[in-house]
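One-letter residues, chain by chain:
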Amino acid sequence: MTEKRASGGFYAWLLQRITGVVLAVLLIAHFIVTHGLPHPSGVTYARIAPRLATPTWKVIDMLFLACALYHGLNGVWMVLQDYVESEGMQTFLFGVLCVLGAILFFLGAITVIPFAVQA
Amino acid sequence: MLERPNVIKHYRWHMGTWAWVLHRITGLALVFYLVLHIWVIHNISSGPKGFDKVMGVVQAPLFLFLELGLLGCVLYHTFNGLRIMIVEFSKEGCEAHKMVWGAMMAVAGFLFLLGGVPMFVHFLHSIAG
Numbered sequence: 002m003t004e005k006r007a008s009g010g011f012y013a014w015l016l017q018r019i020t021g022v023v024l025a026v027l028l029i030a031h032f033i034v035t036h037g038l039p040h041p042s043g044v045t046y047a048r049i050a051p052r053l054a055t056p057t058w059k060v061i062d063m064l065f066l067a068c069a070l071y072h073g074l075n076g077v078w079m080v081l082q083d084y085v086e087s088e089g090m091q092t093f094l095f096g097v098l099c100v101l102g103a104i105l106f107f108l109g110a111i112t113v114i115p116f117a118v119q120a
Numbered sequence: 104m105l106e107r108p109n110v111i112k113h114y115r116w117h118m119g120t121w122a123w124v125l126h127r128i129t130g131l132a133l134v135f136y137l138v139l140h141i142w143v144i145h146n147i148s149s150g151p152k153g154f155d156k157v158m159g160v161v162q163a164p165l166f167l168f169l170e171l172g173l174l175g176c177v178l179y180h181t182f183n184g185l186r187i188m189i190v191e192f193s194k195e196g197c198e199a200h201k202m203v204w205g206a207m208m209a210v211a212g213f214l215f216l217l218g219g220v221p222m223f224v225h226f227l228h229s230i231a232g
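Taken in sequence, the protein lines are chains W and V.
Residues are numbered in the numbering used here as their position in the first sequence, beginning at 1, plus a constant of 1.
Residues are numbered in the numbering used here as their position in the second sequence, beginning at 1, plus a constant of 103.
Treat the hints loosely; a few may be bogus.
To be clear about the criterion: a stretch of chain W counts as covered by chain V if any three or more of its residues have a C-beta under 8 Å from a C-beta of chain V, and this derived list gives those stretches [stated by the list, open to error]:
1) 59-73
2) 84-97
3) 103-114
Stretches of chain V that chain W covers, calculated by requiring three or more beta carbons in the stretch to come under 8 Å of a beta carbon on chain W [unchecked claim]:
4) 132-140
5) 205-212
Rather than coming from a laboratory, the hints here were simulated on the basis of the structure.
Ideal placement from N, C-alpha and C gives every residue a C-beta, glycine not left out.
Make a model of the complete structure from these sequences and hints.
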């Protein structure tokens with residue numbers, strides 16, 4: 002394995018760590034706020050919709066979405082680089098991950114940004 | 104191009120590959136979950152009836168039980184990830200890497216009990232009706 006393949010570059014390495022720390026904080030907050038831990042309560046529209054409709058939480062959720070997708074898909078990319086030898090195949094799979102990331106970010110964005118509580 | 108610090112190779116050799124393998128497996132499981140999660144939560148746009156119907160399905164007893172595995176994956180991946188950073192960024196952390204490992208896993212284990220025990224009780228209530 003060449004050094005070029007083993008490394009995704011310094012900025013990818015750094016960004017994986019920054020998003021990792023952000024996710025650690027947001028994920029623990031998510032478990033407490035959304036799932037009520039350590040007193041788990043079921044997720045219902047009535048309980049979570051009012052909070053999701055506030056601008057502050059929309060910003061937090063978009064940050065959460067972006068960090069989770071970057072961190073997760075970059076992680077998959079690192080795994081793929083270790084097991085896929087062919088450069089053509091690597092380029093193809095990188096494209097697949099980018100498209101998947103774009104679709105999921107779009108799906109998340111259209112869920113979060115225009116959200117308003119319905120009766 | 105900047106090279107990754109040698110310390111990355113260093114800790115891999117010393118901590119053993121299994122911590123690394125488990126980080127990969129839990130990471131891939133979490134990506135799989137993330138895709139499903141974004142897809143499922145998209146249903147909130149359909150309003151209270153549609154959303155609560157979908158949530159009723161994904162909060163069935165089987166899924167409440169599987170969520171214990173999700174919590175485990177999240178906590179292992181989070182605290183092993185923090186361990187990686189401590190060992191990479193701090194000379195002291197690198198030298199005391201076994202203690203860092205023990206401390207991180209102790210925190211992860213504590214949080215797993217703190218969240219997991221009530222989740223398991225919640226699961227038991229759900230099967231009892």
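Hints and how they fare:
1. 59-73: holds (count 4)
2. 84-97: With 0 residues closer than 8 Å to chain V, the segment 84-97 of chain W misses the three-residue bar; violated.
3. 103-114: holds (count 5)
4. 132-140: Holds: 4 residues of the segment 132-140 of chain V have a Cβ under 8 Å from chain W.
5. 205-212: That given contact is violated, which follows from only 0 residues of the segment 205-212 of chain V lying within Cβ reach (below 8 Å) of chain W.
The structure fails hints 2 and 5 (numbered hints given earlier, in ascending order).
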